[in-house]
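J.: What follows is the residue order along each chain.
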Amino acid sequence: MGRETPKQQQQQQQQVSYTVEQLVAVNPYNPDILPDLENYVNEQVSSQTYSLDANLCLLRLYQFEPERMSTQIVARILVKALMAMPAPDFSLCLFLIPERLQMEEQFKTLIVLSHYLETGRFRQFWDEAAKSRHIVEAVPGFEQAIQTYAIHVLSLTYQKIPRPVLAEAINIEGLSLDKFLEHQAANSGWILEKGHGRGQLIILPRNEFNHPELKKSAADSVPLEHITRIFPILG
Amino acid sequence: MATNYDYEEAPANYDETHRQDLGYDPNFVPDSVKSFVGHLYRHIREKNVYEIHQMYEISFQTLSDRLFKDTPWPSVDAVAHYVDNDQVFCLLYREMWFRHLYARLSPTLKQRIDSWDNYCSLFQVVLHRVVNMQLPNQWLWDMVDEFVYQFQSFCQYRAKMKNKSEQEIALLRQYDQAWNVYGVLNYLQAFVEKSNIMQILEQEKEGLEQFTATDGYDYSGGSNVLKVLGYFSMVGLLRVHCLLGDYQTGLKCLLPIDISQQGVYTSVIGSHITTIYHYGFANLMLRRYVEAIREFNKILLYIYKTKQFHQKSPQYEQILKKNEQMYALLAICLSLCPQVKLVEETVNSQLREKYGEKMARMQRYDDEAFAIYDELFSYACPKFITPSAPSFEEPLVNYNQDAYRLQLKLFLYEVKQQQLLSGVRTFLKVYSTISLGKLANYMEVDEPTLRTILLTYKHKTHAVDSDGKIISNADVDFYIDDMIHVVESKPVKRYGDYFLRQVVKLEGVINDMDRIKLE
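As you go down the protein sequences, you meet chains Z and F in turn.
Residue numbering for the first sequence follows full-length UniProt numbering, beginning at 1 and increasing consecutively.
Residue numbering for the second sequence follows full-length UniProt numbering, beginning at 1 and increasing consecutively.
Just so you know, the hints here were simulated from the structure itself, not pulled from any lab data.
Keep in mind it's a predicted model, so treat the numbers as computed, not measured.
Check the hints yourself; a few may be wrong.
With a Cα cut of at most 20 Å, we get these calculated PhoX-like pairs of lysine-lysine [said to hold, decoys possible]:
1. F:409 / Z:215
2. Z:160 / F:438
3. Z:108 / F:438
4. F:438 / Z:215
Here are some, though not all, of the chain Z residues that point toward chain F, as calculated from beta-carbon distances under 7 Å [to be verified]:
5. 69
6. 72
7. 144
8. 158
9. 162
10. 212
11. 213
12. 233
Here are a few chain Z residues that face chain F, going by a calculated C-beta distance under 7 Å [said to hold, decoys possible]:
13. 86
14. 92
15. 116
16. 119
17. 192
18. 193
19. 195
20. 232
We put the CB at the ideal spot given by N, CA and C, even for glycine.
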């Protein structure tokens, strides 16, 4: 048996995850799938994918059989959930984790990190994250995911944002920030206003949340699906 | 703090001998009971759904009030003789027997275990044999509802280990499969799957199936039991998942049912209320406040208009209780997410009457406010459970409050995070434009702190819906360029929905008229 090529490995992995999702959909209340779900968490971490349903399923099984719980896996699930912000996944996971476990050091840290993100305190978040490298560096893609969330909230709020505010939120400064801004300007429609250093203003892309005039009056639009229900009547 | 939450159940520490002292002879069958079971048995065999319903709803209640106020009904062995020893009828009778026991008396551990066994036998019959019955939706709903209720009750009972007798502990160890969480969930799931109800509902949308139109009844000679149990089990699953604290999955289980329409779930008022109560609660915990407010508003208006018709029904008390709880939840939602146009006049005035003052205090976000959030949440929340088996090691403790305490703690944590939003809202309502510096001054914080508060406001008022889209819940919104610009949201008039409903309604009326045969 020779070594599998990366493509073969990837195909195998895809087969495994397909099966796990199926299990969660069809046979979720089954203690035997616990090891598969745990492996799936590790796979989500290494391949930078995410499945809330599968992770909730595992947390439920841990609830049913606490002696089988792995704190390491739970911590990983929580980090992945944090990366899913602004979705409330982190809270959804906490609802299923026993209180006494939440009082352990690493979980208290994660809860604090979540708190900072929920309340827009990005400077405090990055400071704390730097102190807890061992937790957050275990999950690839963490930094980018949080930066994406930060940009999301800033885009809800600002039409124009001063450079220092942005820098603090995404934890990038100096030349790296310059490069980052150039990239965003080229690919995501950001506009960099004249000004240098701290005086620079960045214009974020227009959306219905920072430009209220763009808000589609969804008031009177009726989804096609609803109309199809009365097709039999309309004849 | 927890006084409203504590499970109101008398200690079940009397046994067989004590019950016999009350003059209860399980083998004595009064004539009226002989007649009752005889008729009920015949009606079930003849599929006279209307008569079954009358006997089930009314006669059973009347006899219970008259003859069995505080004793159980005659044992199933005693009545079996009058119904040809029919196995299925006996299982149904026993189900009613236990339900009566739970409602009027306090079940012993042995009785809880026996009830579980009965459900298993009954459900096995429905799932694995061809059952040729048509039962009223009320009865089928009650079966699922009671099944979940007895599970919840068992978990609460089991979690109070402190004063358990040796006998009880021995029984718990021996019958560890009884009311096991896997068993409960898998039965509900089995009903959903075996009945094929999800596909039936899908195909109904395309006109290939009739289910909702017939209220789930089968007019082509078959049975409605499996299908309708499958349908109600989806609500059962929503309920169990809420009890476990898994709101996301609970809502997923309910997805096949379209709650914007009438359906079989509205054919029984208990089912309607339970569905919306849990749907609303789950959305509240998922921070989808507007969705919760919308649904609570609809159901509270419905209850207001129709509760007079249920005054004589055995569900009346439950209807009133859930009504009050949903007003409390609505008060919570509106305090966290003020909305002006979503609540109907009648509902609003009831709400003001019951919780007007408390809502004003909640929005002040001081210590008193948190106490009120605590109080209302504790009053209105489901009776959360710890599903795992207990530890039998000394010292034995009571842990029946653990699940509730966790949900309450996390809820209050969320409330605390939203503490500063109320202040921002007040200022935004007054100004159309204001500089960051000035607002920071008024709110007595520095500018960086103000920026974080504004970000929090935006984040908390823009929820992620079930499709992953961002929707704004904010009644007052803003954006920042050089200054803060305030945006007032416009009220939404939904004409499209209204017309759709009227078209369907008219079609229904025309169909009804067609069905009337003029003689």
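J.: Going by Cβ atoms only, is residue 86 of chain Z closer than 7 Å to chain F?
T.: Constraint on residue 86 of chain Z satisfied, holds at 6 Å.
J.: Going straight from one Cα to the other, do residue 160 of chain Z and residue 438 of chain F come out at no more than 20 Å?
T.: holds (18 Å)
J.: Holds or violated: residue 158 of chain Z as interface residue toward chain F, Cβ cutoff 7 Å?
T.: Residue 158 of chain Z check passes; min Cβ-Cβ to chain F is 5 Å, inside 7 Å.
J.: With a cut-off of 7 Å on the beta carbons, see whether residue 119 of chain Z makes it to chain F.
T.: holds (5 Å)
J.: Return the status of the interface hint for residue 232 of chain Z: holds when the least beta-carbon distance to chain F is below 7 Å, violated otherwise.
T.: holds (6 Å)
J.: Please verify that hint: residue 233 of chain Z, Cβ, nearest Cβ of chain F, below 7 Å or not.
T.: holds (5 Å)
J.: Could you check if residue 69 of chain Z really has its C-beta closer than 7 Å to a C-beta on chain F?
T.: This interface hint is violated because 10 Å lies over the 7 Å limit.
J.: Please check whether residue 92 of chain Z passes as an interface residue: C-beta within 7 Å of a C-beta belonging to chain F.
T.: holds (5 Å)
J.: Min Cβ distance, residue 195 of chain Z to chain F: is it shorter than 7 Å?
T.: Result: violated, 13 Å to nearest chain F Cβ.
J.: Does residue 162 of chain Z pass the interface check with chain F, least Cβ-Cβ distance below 7 Å?
T.: Violated, because the Cβ-Cβ distance from residue 162 of chain Z to chain F comes to roughly 10 Å (cut-off 7 Å).
J.: Hold the hint about residue 72 of chain Z up to the distance rule: shortest CB distance to chain F must be less than 7 Å.
T.: violated (20 Å)
J.: Does residue 144 of chain Z hold up as a contact with chain F if the rule is Cβ-Cβ below 7 Å?
T.: violated (18 Å)
The structure fails hints 1, 3, 4, 5, 6, 7, 9, 11, 15, 17, 18, 19 (numbered hints given earlier, in ascending order).
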